[in-house]
Amino acid sequence: MDFDFSDDQKLLKESVGKLMASRYGDFEKRKGYQTHTNGFDPAVWAEYAEAGILSLPFSEEQGGFGGGPVETMIVMEEMGTALAVEPYLACVVLAGAVLKYGKADDKIPEIATGEAIVALANIERSSRYDLNDVSLPAKLDGTAYVLEGEKSVVLGGGAADYFIVATRTSGNRRDVDGITLLLVDAKSPGISRRGYPTQDGQHAAEVSFGSVRVPVANVIGEVGKGLPILARAVDEAIAGLCAEAVGAMDALVKMTVEYLKTRKQFGVAIGSFQALQHRSVDMLVMLEQARSMAIYAALSVDDADEVARGNAISAAKVQIGRSAKFIGQQSVQLHGGIGVTMEYKAGHYFKRLTMIEQMFGDSDYHMRKLAASGAAIAA
Amino acid sequence: MDFDFSDDQKLLKESVGKLMASRYGDFEKRKGYQTHTNGFDPAVWAEYAEAGILSLPFSEEQGGFGGGPVETMIVMEEMGTALAVEPYLACVVLAGAVLKYGKADDKIPEIATGEAIVALANIERSSRYDLNDVSLPAKLDGTAYVLEGEKSVVLGGGAADYFIVATRTSGNRRDVDGITLLLVDAKSPGISRRGYPTQDGQHAAEVSFGSVRVPVANVIGEVGKGLPILARAVDEAIAGLCAEAVGAMDALVKMTVEYLKTRKQFGVAIGSFQALQHRSVDMLVMLEQARSMAIYAALSVDDADEVARGNAISAAKVQIGRSAKFIGQQSVQLHGGIGVTMEYKAGHYFKRLTMIEQMFGDSDYHMRKLAASGAAIAA
Amino acid sequence: MDLNLSAEELAFRDEVRAFIAAELSPETREKLVLGREIGKHDFVEWQRKLNAKGWAVPHWPVEWGGQNWGPMQEYIFLDELQQAPAPSPLQFNCSMVGPVIATFGSEEQKKKFLPATANLDIWWCQGFSEPGAGSDLAGLKTTARREGDFYIINGQKTWTTLAQYADWIFVLARTNPQAEKKQQGISFILVDMKTPGVTVRPIQLIDGGREVNEVWFDEVKVPAENLVGQENRGWDYAKFLLTNERMGIARIGVSKQRIRRIKELAKSERYGDTQLLDQPWFREKLVSVEIELKALEITQLRVLAEARKRGKHGEADPNSSILKIKGSELQQVTTELMMDVMGPFVLPFAASMDDEDRTNEPPIGPDYAASAGPTYFNSRKISIYGGSNEIQRNIIAKAILGF
Amino acid sequence: MDLNLSAEELAFRDEVRAFIAAELSPETREKLVLGREIGKHDFVEWQRKLNAKGWAVPHWPVEWGGQNWGPMQEYIFLDELQQAPAPSPLQFNCSMVGPVIATFGSEEQKKKFLPATANLDIWWCQGFSEPGAGSDLAGLKTTARREGDFYIINGQKTWTTLAQYADWIFVLARTNPQAEKKQQGISFILVDMKTPGVTVRPIQLIDGGREVNEVWFDEVKVPAENLVGQENRGWDYAKFLLTNERMGIARIGVSKQRIRRIKELAKSERYGDTQLLDQPWFREKLVSVEIELKALEITQLRVLAEARKRGKHGEADPNSSILKIKGSELQQVTTELMMDVMGPFVLPFAASMDDEDRTNEPPIGPDYAASAGPTYFNSRKISIYGGSNEIQRNIIAKAILGF
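Residue numbers (our numbering), protein chains in the order written: chain A, 1 to 379; chain B, 1 to 379; chain C, 1 to 403; chain D, 1 to 403.
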């Protein structure tokens with residue numbers, strides 16, 4: 001039992017913290033980044049590359065630093081505190097994990113150096129949060145698969161140089177088998193996309209595939225066996241998202257307490273009112289519970305037992321979602337009017353936390369998944 | 001739209017209020033009543049008879065006063081305020097309704113005069129809250145049914161002179177058809193019972209039927225068609241229970257607020273602490289919501305549309321259950337230690353409210369029933 | 001006791017319903033259904049139709065267009081508007097400044113302003129809140145200095161809803177800074193927004209919309225005849241006005257309409273191999289809110305019944321604070337349910353959401369998804385404005401529980 | 001970072017587990033499983049077994065039987081006891097008066113009391129709370145008047161747990177009523193319960209049990225040598241003692257054990273045509289609590305890890321207030337789930353529940369149902385005693401959030 005970071009991890013935390021402070025310490029800068037095409041400044045991305053955090057989760061053979069889930073947790077928590085807008089989660093954590101576990105190593109160096117953005121395209125109009133719910137057909141035609149259809153809410157999809165597309169090569173819409181992951185060059189003929197900001201100031205895209213030909217060599221993992229890779233990668237992304245949420249919640253709780261101490265009404269700081277103090281305490285309790293579960297998620301994501309891994313990740317997502325909702329809503333409430341304005345940071349934390357709750361399955365979804373799995377949470 | 005009582009109803013409220021105050025104004029008296037066999041004092045019951053409240057819900061032809069659901073609401077609310085221990089709900093409201101809707105008028109005068117206690121025996125070991133879950137067989141043998149089996153948690157069963165027994169005369173355990181209600185003399189050979197206090201200081205009994213013969217003339221309603229009568233009677237009992245809960249909650253909220261104003265800690269009345277004031281306000285809000293739904297239940301129980309009636313009653317039971325739990329728990333919490341002692345009244349309200357939540361289906365049960373019914377709550 | 005509407009009430013409800021069905025512009029209705037902002041044009045067109053029917057200002061004195069309705073009729077009317085859904089008559093005009101002028105204003109003010117206010121020929125906004133005084137309204141700092149026949153106003157107002165459409169603003173300003181208590185020495189003054197020195201700066205809210213504003217007053221010269229009632233008595237008029245605001249504070253019709261809409265959408269939204277509405281967990285969430293809403297509706301009706309007994313111009317009923325707390329919570333929770341319907345499509349932000357004039361971009365995902373997130377974000381204000389729910393709890397603790 | 005137990009910790013856990021399995025009386029265990037009260041005999045027998053093994057007072061100084069365990073080992077030990085379930089060593093002896101005597105007592109006191117306290121040859125109870133001073137402990141009024149070589153004690157204590165079994169009581173009494181602050185002038189005195197003038201009156205709790213008492217002191221004459229430490233310094237010793245009490249305050253093992261039990265029962269409980277445990281809604285309720293419990297367990301471990309860093313006798317960690325709040329809520333909610341299992345059989349009250357010696361009456365309904373209601377009722381005290389959850393929030397607001 002050990003909750004300490006190693007010396008390397010402490011260094012990492014410090015250096016990422018510094019980097020994020022320099023890029024995001026002034027909240028106005030963030031607004032500037034968002035005005036770039038695809039919602040982030042490539043210069044910041046290049047800095048990430050230089051600082052080594054784009055290569056962090058990849059092995060040395062893959063051109064990376066061999067960081068594990070704890071390292072990802074450290075980076076993501078700092079991203080959460082900063083409310084960073086770059087597609088780190090989408091490209092490095094999520095798509096990166098697909099490449100890693102799909103043993104498609106050749107694109108990893110391009111991610112690690114910042115040369116290429118890779119985005120996972122798996123959501124369809126009716127799939128909601130079910131990873132097995134994939135219809136988009138990939139029909140074999142000689143040495144290529146031909147893709148036809150649409151993918152939605154592709155995180156980081158506007159800037160993507162490559163898409164990892166979850167396609168159906170056999171079976172029916174919700175079958176577990178028959179899902180094939182294909183690496184698709186975003187410049188392939190027949191691809192069109194529409195990028196847009198998301199509610200929380202990040203970016204995503206709708207992507208259409210019109211008779212897009214993809215060489216069979218671009219299969220990630222094995223044909224028809226894409227789901228376990230997808231599930232593993234999404235679990236890793238959820239663990240990262242949990243850490244991001246903790247960073248955001250921690251910052252938001254601090255900000256709210258600070259506000260209560262300085263904001264005066266009726267001649268006194270409103271933080272002198274017991275009801276508001278107790279509310280703040282309840283927020284702190286929710287934060288600490290969330291922090292514990294983010295750690296749990298990070299330390300469970302490498303669990304060899306897939307069911308145990310999935311359960312741990314679902315449990316963490318539920319706690320994070322509940323805490324995020326409570327802390328987000330209460331922070332806005334305690335701030336009063338200013339909490340719902342665009343110019344003030346608290347509302348942006350609230351929006352990001354709200355979207356985190358919705359991503360990769362909301363709390364209800366993961367509760368039901370856990371209840372159905374029948375396995376207890378590991379004691 | 002009218003929330004006023006008629007003049008007669010106002011008189012009723014006043015007279016029942018006075019009666020209950022004289023019997024229960026001193027909380028020690030209640031403890032005395034509980035020491036009687038079957039947990040209540042027959043003298044108090046006789047007073048109820050004299051005051052006319054035992055005959056209240058029955059028509060004049062049945063020897064009653066023709067009171068409707070609003071009159072029952074008035075009486076039950078006063079019973080709740082007083083924390084009365086007599087089997088009014090069990091005998092007059094619940095069993096009385098079975099007799100009324102089963103058109104078995106001949107026993108009603110005995111209830112109305114206080115001569116006889118009638119109790120409904122429908123719960124079995126595995127039935128939980130499902131009224132259709134009836135196994136106890138009644139086999140026709142000549143001109144009698146022969147009953148064999150056990151009934152549990154028969155409210156008022158210790159004192160009962162007659163039981164109304166839900167029996168299975170055809171079909172399988174959970175079939176909707178084939179349930180027959182029989183009026184059974186408690187002195188019939190083969191009946192044994194074991195009375196006991198309930199958690200809230202009321203009384204119930206386990207009853208066994210060993211080859212008990214019941215004349216076919218004692219069928220209430222029609223053979224095999226007992227369920228709708230049962231359902232109607234239970235809905236009426238739930239409406240009454242909702243009113244009782246409102247009486248208890250109202251008294252408990254008042255008591256708690258009074259306590260907060262007088263109890264001193266750290267040199268001040270603890271009611272000066274904002275967090276406790278706001279908690280009291282939340283209790284009040286829950287009380288007013290419950291009061292509204294108790295009214296809704298009373299005014300819906302005569303609804304000719306069975307589905308609408310059932311939905312209204314379920315909705316009321318859910319709100320009452322939620323309010324009762326919140327108010328009960330918070331009252332005890334705000335009282336501190338004294339709230340969990342037997343000698344102080346608050347804990348007894350809490351216990352009664354807890355059992356009310358469990359009776360005739362808890363909030364979860366009625367939520368699921370509503371969700372499954374598909375019909376929206378009447379707008 | 002009877003929960004049913006009387007025959008007259010039913011007839012009235014049907015009349016309102018028929019009128020809305022016949023008169024409300026389908027475009028306005030669609031914007032409301034889709035959760036989009038409605039623009040000035042929607043408000044004005046609709047209010048003029050209501051005014052033509054005599055329904056824009058039913059609670060005003062009869063000589064100025066009032067209908068002498070009881071609280072129940074007023075409630076039915078508002079509830080039908082909310083459920084339609086249709087815009088309510090602009091509250092700044094009809095529930096706020098109108099009744100104040102009608103009650104405390106001079107004859108000249110009544111003639112000049114009331115008909116135009118009822119017909120939305122003048123659009124009013126409310127100059128009460130200030131940056132330093134949120135829940136502590138009486139702590140306001142804006143001043144009105146008397147100079148001859150004029151007041152010179154200086155200061156800043158904030159959270160001024162739809163000031164960008166407004167022709168006039170009613171302002172609370174301090175005319176006697178030496179007054180003993182902060183509630184004293186405040187006056188209620190009407191200001192033409194075109195007066196030099198008035199500046200409006202929009203505040204963008206987190207949903208992307210720009211419904212509120214800051215309004216700056218820099219040596220704004222206002223004729224003294226624009227003072228309503230007596231100098232230094234403005235706090236009394238503001239209190240009177242805020243009492244008026246409380247009718248329909250729970251906005252039950254809005255929540256009802258949203259729940260109905262959610263059911264409609266959940267019927268067509270696919271969930272695995274079923275429809276979303278077939279999922280027991282989803283139905284239980286809906287039912288759970290419906291129960292509370294039904295309870296609140298009856299609580300609302302009970303408060304109204306009491307109001308009817310007290311007569312028209314009673315004191316503010318502290319029970320309306322209960323309606324505010326629970327009503328705001330339920331409005332907020334329905335917006336959460338709406339997000340549940342959307343699944344991943346809650347994420348995309350439609351840039352065109354913050355403009356009154358839509359671009360022609362197709363929606364991302366289902367066309368009803370775009371407003372779910374913004375509506376949720378925006379709904380957080382409901383428990384903040386008009387006296388935060390914490391302030392409402394203070395009111396109840398004091399006025400009802402006697403702490 | 002690593003959430004797994006180390007090899008040593010695992011070995012220790014297994015050793016504790018094996019010891020409990022081999023030594024705990026099945027009757028004691030069954031009472032705990034069924035939620036019945038355990039009697040004096042159960043406590044004494046078990047604690048003597050633990051003491052023989054050297055585990056009754058592991059956190060005491062080594063010379064008095066301590067084991068020099070770290071916080072993690074102490075936690076594992078307690079958690080295993082709670083999960084077994086087995087009684088914990090009597091906290092009044094082991095976590096309260098024992099450490100105070102060992103730290104502040106005279107050599108004579110140590111020799112006289114510590115071995116007997118560890119072996120439960122002396123049963124201690126705690127004389128702190130008074131009727132007028134609940135959360136405001138320092139407001140106590142009991143006095144100890146010095147007369148020659150004696151103190152004369154007068155006053156009333158309340159909420160004295162298991163005083164009916166106690167041989168001795170440790171009392172906080174006011175020795176200097178003139179002290180400036182209420183925390184000053186208090187002394188910590190040991191009193192033989194057999195001293196004339198000591199009267200114990202049981203208080204029945206709403207579950208029917210009689211675990212707490214009032215203890216009256218009427219001119220009780222106590223040798224002055226029974227003063228612990230210095231006169232008028234009792235408040236410091238009490239604070240020291242209350243810090244000790246906080247280890248395991250969340251009682252996660254108790255909640256874990258109850259959840260396991262609920263699952264077991266729900267597997268055999270019929271629900272319609274299935275088992276209760278097959279009902280999705282029931283599973284979701286369970287999972288919901290399990291998630292929070294898992295989170296709390298890790299929070300607990302994080303607090304322990306900090307404690308390990310700070311070393312053994314650090315200040316009270318205000319984070320333990322978080323553990324108290326959440327831990328009490330979860331204990332309470334598991335008792336609600338247990339009632340859910342019972343359905344209608346939660347109603348019957350078994351008269352024999354309040355006696356240590358059971359009558360031989362058969363149970364009403366399933367034998368495990370009788371304790372569900374009483375356990376729920378009784379559990380409400382958990383958020384009240386040891387500093388109510390409101391007090392814990394005050395502590396956190398001040399000590400962590402800096403209000």
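Hints in this document: simulated from the structure, not taken from any laboratory.
The structure displayed is predicted, hence computed values, not measured ones.
Beta carbons: idealized from backbone N, C-alpha and C, even for Gly.
Careful: at least some of the hints might be erroneous.
Stated by the list, open to error - Facing chain C, according to a computed beta carbon distance under 7 Å, are these residues of chain B, among others:
hint, residue
1, Met1
2, Asp2
3, Val44
4, Val70
5, Ala251
6, Met255
7, Val257
8, Glu258
9, Ser292
10, Val318
What the hints assert, rightly or not - Incomplete in silico selection of chain A near chain D, CB under 8 Å:
hint, residue
11, Phe3
12, Val216
13, Asn218
14, Met255
15, Gln277
16, Leu284
17, Ala315
18, Arg368
Hints, one by one, checked against the model:
1. Met1: OK, holds: Met1 (chain B) within 7 Å of chain C, min 6 Å.
2. Asp2: The hint holds - Asp2 (chain B) has a Cβ within 7 Å of chain C, the shortest such distance being about 5 Å.
3. Val44: The hint is violated - Val44 (chain B) has no Cβ within 7 Å of chain C, the shortest such distance being about 28 Å.
4. Val70: holds (5 Å)
5. Ala251: violated (15 Å)
6. Met255: violated (12 Å)
7. Val257: Holds - the Cβ of Val257 (chain B) comes within 7 Å of chain C, reaching about 5 Å at its closest.
8. Glu258: Violated. Min distance 10 Å.
9. Ser292: holds (4 Å)
10. Val318: For Val318 (chain B), the interface hint holds, since the closest Cβ of chain C sits about 5 Å away, which is under 7 Å.
11. Phe3: At 5 Å from the nearest chain D Cβ, Phe3 (chain A) passes the 8 Å test, so the hint holds.
12. Val216: violated (41 Å)
13. Asn218: violated (37 Å)
14. Met255: Check failed: Cβ of Met255 (chain A) comes no nearer than 12 Å to chain D, outside 8 Å.
15. Gln277: holds (4 Å)
16. Leu284: Holds - the Cβ of Leu284 (chain A) comes within 8 Å of chain D, reaching about 6 Å at its closest.
17. Ala315: holds (5 Å)
18. Arg368: OK, holds: Arg368 (chain A) within 8 Å of chain D, min 7 Å.
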